[in-house]
Amino acid sequence: MTDKLPVQDFATDWDHTDPQWVSDPYPIWDDLRERCPVAHTERFGGGWFPATHEGVSTVARDTQNFSSRTVVLGNGRPTEDDLPAPIGMAPPITSDPPFHAIARRLILPAFAPGPINALEPMIRDLCNELLDQMAGQDVVNGGMQYAQYISPGVIRQMLGFPPEDIDQFLEFVRIVLEGVDHTLEERIEEFMPVEAYFTKQIEDHLENPRDDLTSYLLDIDFEGAKLPHEWVFGMMVLVLVAGIDTTWSAIGASLWHLASHPEDLERLVNEPELMNVAVEEFLRFYAPVTMARLVKQDMDYLGCPMKEDDWILLGFPAANRDPAVFKDADKFIIDRAENRHVAFGLGIHRCAGSNLARLELRVAIEEFIKRYPKFELADPSSVTWAAGQVRGPRNLPIRILK
Amino acid sequence: MKVSIDPELCQGQGRCFSIAPTVFEFDDLGNGVVIGDGTLNEQTLELARLAQANCPEHAIFIEE
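Residue numbers (the working numbering), protein chains in the order written: chain A, 30 to 431; chain B, 972 to 1035.
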């Protein structure tokens, strides 16, 4: 990618990969909300960014006028090949009605609270294993030693892949996440080892069915037949694309908050019953995920002259800071009782893994603060934040205090 | 006093049955459903109102 010009005015030239946006997007969104509630850019082939809760909600719910065919912004206007992964059937995240409902129905039962809540002891054990590995260090890396490993560990176990394959699995996670905005040709090449391994796992699960997500997907009855294996592969890749760096970012951002706000950390340690409302406030205040949509046809919408295949960047994190909807929107209130946040999106594309993400976030924070009730940022200026459509801290050195 | 969930609006955000587990439960897809016929007493009314105030889809309705 060529070096881009720095943004002068986000109202007419927004870029979610601009260093200013990456390091601290909130003042930019506050300014847009007051001055230009739907910002425009010529970058990425042309796109729009609604900064208000109302704008984001309207677009998220309007599947007549906006398509989810591609949900990750590319460098230019999308082509037919611009899907997030080389997969057989489009999974629900990149489907539109009417097919979307069919695809979504297939996976929702596996991510409903019943089966997800049963994973809690496994997630707790995983968090404790990671904490054990960090034991004795004065400074731990909340991102690279902890948050980063929780969701891959959980998803490896959900898929029923052997524990000794974890390093290989982490490598596949890296390939899939880094490949999200590569060209179709690049992805086909990069995905070959992923496909080979997943195919081997599919074959093994066909021979030895067990109680895991892979066997669940292989056993789905769809119009009188089992799902084609490339559909199952597509669903498995979706779980990696959507379920790893998203949750990892939410866990990291929450730890970052607690490390830099001792009063909130102390309260959460002393009042563990606040955990559920605190988790929702972490999700509101540090919502990690921004999704894209495509304009289906030329139209005037939200007062803007939109063109077919223009991008819309759906800033759920920006909607969550809109003072028109949230009292003291710019304040983190750990016991906020009314919190209608949209961290998991709105409408038919509500994050299918939201129950799992919440559970991982809650357990990861509970176990961390149980082990370390006092901590602070070791070197605030060294914290780095991921650029792009998933925002969260990556390097997060935390000093453990006595 | 009665509470209901509009199944057309509910997207399974999961807030209601977490906030008010005596009033709401979830179905096999993870969507919220009202327990029983949705009749509320003073205590459950308060919980149902809190769930309503937290539903991102505005899918909860209370008849008072």
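No lab work stands behind these hints, which were simulated from the structure alone. Ideal Cβ placement from N, Cα and C applies to all residues, glycine included. Careful: at least some of the hints might be erroneous.
If you anchor each label on the Cβ, the simulated ranges turn out as follows [as the list claims (entries may be wrong)]: (1) L213(A) with E1013(B): 54 to 64 Å; (2) K229(A) with Q1014(B): 19 to 29 Å; (3) D364(A) with L1016(B): 45 to 55 Å; (4) E1017(B) with E193(A): 43 to 53 Å; (5) A1024(B) with K399(A): 44 to 54 Å; (6) L213(A) with L1016(B): 22 to 32 Å; (7) F361(A) with G1007(B): 33 to 43 Å.
Verification of the hints:
1. L213(A) and E1013(B) have their C-beta atoms about 59 Å apart, which keeps the hinted 54 to 64 Å range intact.
2. In this structure, K229(A) and Q1014(B) break the distance hint of 19 to 29 Å, their C-beta atoms being roughly 55 Å apart.
3. Checked against the given bound of 45 to 55 Å, the beta carbons of D364(A) and L1016(B), roughly 21 Å apart, lie outside it.
4. Checked against the given bound of 43 to 53 Å, the beta carbons of E1017(B) and E193(A), roughly 51 Å apart, stay inside it.
5. Look at A1024(B) against K399(A): about 30 Å separates their beta carbons, and that is not inside 44 to 54 Å.
6. Checked against the given bound of 22 to 32 Å, the beta carbons of L213(A) and L1016(B), roughly 54 Å apart, lie outside it.
7. A hinted range of 33 to 43 Å for the beta carbons of F361(A) and G1007(B) is consistent with their spacing of about 37 Å.
Hints 2, 3, 5 and 6, counting from the list given before, are not met by this structure.
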